[in-house]
Structures are given as structure tokens and as C-alpha cells.
Amino acid sequence: METKEFKAESKRLLDLMINSIYTHKEIFLRELISNASDAIDKLYFKSLTDDKVGIKRDEFKIDISVDKNARTITITDNGIGMTAEELEEHLGTIADSGSFKFKKENKLEDDVEIIGQFGVGFYSAFMVAKEVTVKSKAYGSDSAFEWISEGTSGYTIGECTKDGVGTQITLLLKDNTEDENYDEFLEQYRIQSLIKKYSDYIRYPIKMDMQKSRLKEGSENEYEDYTENVTMNSMIPIWRKNKSELKDEDYNKFYKEKFMDYTDPICHIHTKTEGTATYNALLYIPSKAPYDYYSKEYEKGLQLYSSGVLIMDKCADLLPDHFSFVKGLVDSEDLSLNISREMLQHDRQLKLIAKNLEKTIKNELTKMLKNNREKYEEFYKAFGLQLKFGVYNNYGMNKEQVQDLIMFYSSTEKKLVTLDEYVSRMKEDQKYIYFASGETVERIDSLPQTELVKDKGFEILYFTDSVDEFAIRMLMSYKEKQFKSVSADDLDIETSEEKEEIKQKEDEAKDLFNFMQEKLSGKVKAVKLSGRLKTHPVCLSSEGAVSVEMEKVLNAMPNDQKVSAEKVLEINPEHPVFETLKNLYSNDNDKLAKYSELLYDQALLIEGMPVEDPVKFSNLVCELMV
0 METKEFKAES KRLLDLMINS IYTHKEIFLR ELISNASDAI DKLYFKSLTD
50 DKVGIKRDEF KIDISVDKNA RTITITDNGI GMTAEELEEH LGTIADSGSF
100 KFKKENKLED DVEIIGQFGV GFYSAFMVAK EVTVKSKAYG SDSAFEWISE
150 GTSGYTIGEC TKDGVGTQIT LLLKDNTEDE NYDEFLEQYR IQSLIKKYSD
200 YIRYPIKMDM QKSRLKEGSE NEYEDYTENV TMNSMIPIWR KNKSELKDED
250 YNKFYKEKFM DYTDPICHIH TKTEGTATYN ALLYIPSKAP YDYYSKEYEK
300 GLQLYSSGVL IMDKCADLLP DHFSFVKGLV DSEDLSLNIS REMLQHDRQL
350 KLIAKNLEKT IKNELTKMLK NNREKYEEFY KAFGLQLKFG VYNNYGMNKE
400 QVQDLIMFYS STEKKLVTLD EYVSRMKEDQ KYIYFASGET VERIDSLPQT
450 ELVKDKGFEI LYFTDSVDEF AIRMLMSYKE KQFKSVSADD LDIETSEEKE
500 EIKQKEDEAK DLFNFMQEKL SGKVKAVKLS GRLKTHPVCL SSEGAVSVEM
550 EKVLNAMPND QKVSAEKVLE INPEHPVFET LKNLYSNDND KLAKYSELLY
600 DQALLIEGMP VEDPVKFSNL VCELMV
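The C-terminal residue of the sequence shown carries number 625 in numbering that gives the first Met the number 0, and the numbering is unbroken.
Among the hints, a few may not be true.
[Claimed, not checked] Below, simulated DSS-like cross-link-like pairs (lysine-lysine); rule was C-alpha separation at most 30 Å, straight line:
hint, residue 1, residue 2
1, K60, K129
2, K271, K398
3, K615, K590
4, K350, K361
5, K615, K509
6, K398, K483
[As the list claims (entries may be wrong)] Here are the computed distance ranges between Cβ atoms for each label pair:
hint, residue 1, residue 2, range
7, V562, D247, 43 to 53 Å
8, K195, M475, 45 to 55 Å
9, E179, G157, 29 to 39 Å
10, K354, A288, 19 to 29 Å
11, P557, K380, 20 to 30 Å
Keep in mind that the hints were calculated from the coordinates and are not lab data.
Think of the CB as a built atom: it goes at the ideal place given N, C-alpha and C, for glycine as much as any other residue.
The task is simple: from the sequences and hints, build the whole structure.
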């Protein structure tokens, strides 16, 4: 055996590999299995043009064995193997990729999948092993060679005996420490779970001897242990099968097992794209929101595979926030990965895939909205809030992507409608899309501010979610129709005669309203007569950018900053209370001041807002009753 040292730069890189590059130690098994698959790929490729290979396609395999007593894990493949020179070149010089060189020498096209093109994955073994032994016999060679290393101290290479071509890697695990438990990798169930997690779709069988028990022959209650060589991986991923081979039941079963949901998804999207962005994707829209979906703890993202090997469990960059409810995976062979495969380089390819997926998801939802309204409304009940948040988020950057998908309850249709459906029904002379905000449909329906709009026969959209009004303010208009709150200071639907009549009465009562405004001491910007009220005595409207509903939402947030809408107290000129106010202004200013406070508090309660002093309000009601 000849002892050699790593080159200086390789020693530094190996130290970095062991201590810094990989986030999780468990990654070592993924890397070694990927390298074994890569070696089999090379020999399989040769077998297509070389009859002397002598191994059939279904005879290629990867074997994994664990020896608890010896504290070893062994990964064996019957792939192309390595000569002494190749062991020296690929294992003695860190970051040399034999796979990359193989593709180059054989002039393979980019679409020929060779997993191990990164050149450093093998060294992840030293994260868990204090010694690594590699025995390899190259295809076409009569001799086998052994490479042994304890890490940065160097390595030895010499001749050895080995049956059959291929490579056998044996890891002697490190001793446990206070912080690290390496024994976990000697447990059968742990190795099995890592294969399932990272390497389930390696295209060659990953075999492992499993300890099982069975009833002894001829016995009713005695069991015996036995060993069975079991294939641990699925090999062919569902997303690489033809759609014609699969039924809804197959897609749903995969979803529930993969994403641990007990209910079927609302729909699945199975797509394959080639060209500037080449990938397979299998996406699902769940039927229910996860318990933590609308919380900071929720992590969006799709599983990302490279040639069937799991690279990231949740790649957030593949989904926009407004579609963060989508679950699923993407498998692409031509993403730029960094040396540990755990992080993606933020390149053009990833952005292209993300853009395509966004368009695909939107098209699927649009189709569902058009063709299966009941199913869409089921989806919207779970995730409509997120779509509306998508309109508002990032200063409205994605509003055009989402605006056709959002829905609101309609005062006339008595159900959820889209903005497009609303606009299609607008009256010929209607200038605005009218909306009203409140906690529930029932409360909004009884708001005094809706009376005039309803009386004129205009449809009103009811906003019951806290984000609704913020989203609409960001949207500004839809199909050139601006939005207008029924609580806005000017609804612009009164006739010129109605406006003139209100103005005349308001001028006559100007001194009364100035008195009331003064007594309300900064609580309202103005007191005026209302053209929107029909049966109710009073209501609040607002001026400026912040509405009364927005004030409620913003002040409910956990911060010390309080905002206030510029409120206007509106009095119904046709209600008996107006005559009472005029009489009090002439005869009893003290009582008028109390009436002013009472009417303001009533208007607050109608809006669902708390009165500033409930005790004072209660006493005032009793005093005026007496």
C-alpha cells in the first residue's frame, strides 16, 4: 500500500467539507447513493454499444449493509468501477468530477442524466466516518484497488481482491460525542428513512437486508427471525409516468402519503416542460388550509429534485406568496447547484421555472372557476384570503396576476361573485364599483350607508376580511371602473336636484352643525346632512385615505401606533331627530351637546367600533330617557 497526502488546497477543502458545507450530516447517504447510481449509469451507457459488458439492465443495483458490531455502513454498486489512476485522480484530488469528465469524453448530450457531476459529494462521508475504505474494480480490468483514508491526514492506495466490477465504499463511523450520536446511522429504520427521503427515485434498485420475523412452520405461536433482501426505493417517480397510465386515485394516494394529508386535494396539476426551462412538476391544491397556514410558522415551497434526487424539501423561490398554498414538487436536470447540492444558485433557470409554474397554477384556477364553480368556491373558502393578500402584498406588484381570481359577496346575487361578473352587470350610467366593509355579511347588509346605493338599484360588494379594503385600495380600479366605498364622503349618485336640496338645508343649519362639531371636540372632522340615509337617523362617513374600517383593522394590530380616520357625522334630514336637534339648538344647548355625543356613539356602535367611555354613554342614555 502506498501512502499519500492530499494536496494542500484539497486538505483545506476537505476540512471545509467536513465542517461547513453541508447543513445536515445525513446528507452523506444521499451523496454516496447518487455516486453509485452515477457509476451504474456509465456502465449501462457502455452496454448499449458494448456487448461484452454482460450485465443486463435489470441486474444493475445498489446494495447497502449495516454492521452494528463493527460500526460500519457499506454501499456497493455494480457500476463501471475505477482503476488505480482514477482512484488517485477522483478521490485524491478533491472537487474533480469523474462524471463530468465521462460526459465530456463520451460527448454525451446535456439531456443524458448523470447525477454525480459535482466532484465533492463523496467527501461528505467524512462527516460521519473516521475512516473510509473504497474497493473498486474497473470494467475491463483484471485488478481491483483499495483506497483508504482517515480524512485530512492523507490516504493509501494499493491492490486488493474484489469479485465483479463496481465499487464498494465502507464507512467506519465516528465514536459518539456529547453533541453527536453517530449510532443513529447504524439503525436499520434510520437508513431506510434516509433512502426514502432523498433517494427514493434513483432509477436502480437500492437493496438492503431487512430483519423480519414469521410464524414457524407447523407452529401456532412460535416465531422465527429471518433476513430478506428488500428493494428500498420506488425507482420510477409518479411524475415521470405518462398521464394516461395514472388515475385520480393514483395522484391522490401519492399526495396523501407524500404530504401527510388525510383528505384528497381539490385538484392536481401534472406538467412536463421542455425547452428553455426543462422540468417535470406535480402540483396539488389542498382541500383545506393547514392549521398553521395563516401564521408566521408556515413555510411555503415545493420539493425540488435533480434527476430524481431530493435537493431541497421546501424551495420557497418556486412559488409566489399568493400561491403559497400549493404543495408538490419539481424535478429538473439542468439547475445550477452549488457543491453541496443543498443550495441553489439563483440563476435564470430557476426563475424561468418559477414563472412558468405561476402561469400554470393561475390557468388551472381560472379553468376551475369557469368550469367547476362549486369546487372553486370550496377552494376559495380555504385560500381566498391568500389571493386577496396577493393583490395587496409587495405594493400591488402581482395584482394583475390575481385580480380575476378574487371574489366577494354580492348584495344582489346573494353569493360570491368575481369582479368581472360585477362589471358585466353594471348599469349603463354606473360610474363606480361600490363596496361596503364590516365583520359579517349580515352586519354590512344592515349598515345605514348602504341605503341610498341599494335604493338606486346598484350592486354592492361586501368586504368581510380585514385585508379586503387594503387590497382594493391597491387595485384602484378594475376594467377602468374605480372602486368606491358606500361610506365615502361623496357617492356621486344623487341627482342634481337632490344635491341642491341637501345643500340648501345644510346651509340653513350651518350654525347647528358647527356647534355640534365643536362639542364633539376633534372626534369628527365635520357634521353635515346626509343624502345617503333613508330610514336611519345617523351614520359615519370618512374623508381621506383611511376609512373607518381601515382604522379598526390597523388599530387592532399589536403595535403602539394608532391611526384615525377623518370621520364625518352625517344626519338624516328626513328623520325626526333632525327636527329635535334644530329645536334644541334654539332652546337647550346643554341638552344638544349631550345629544351630539349620543348620536356620535350610536354611529360608532353601528360601525362595530367601541365607544370611548361606555359608562358615560350608559349614563347619558338614562339621563336623556328621564
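message = Output the indices of the hints that this structure fails to meet, ascending.
response = none
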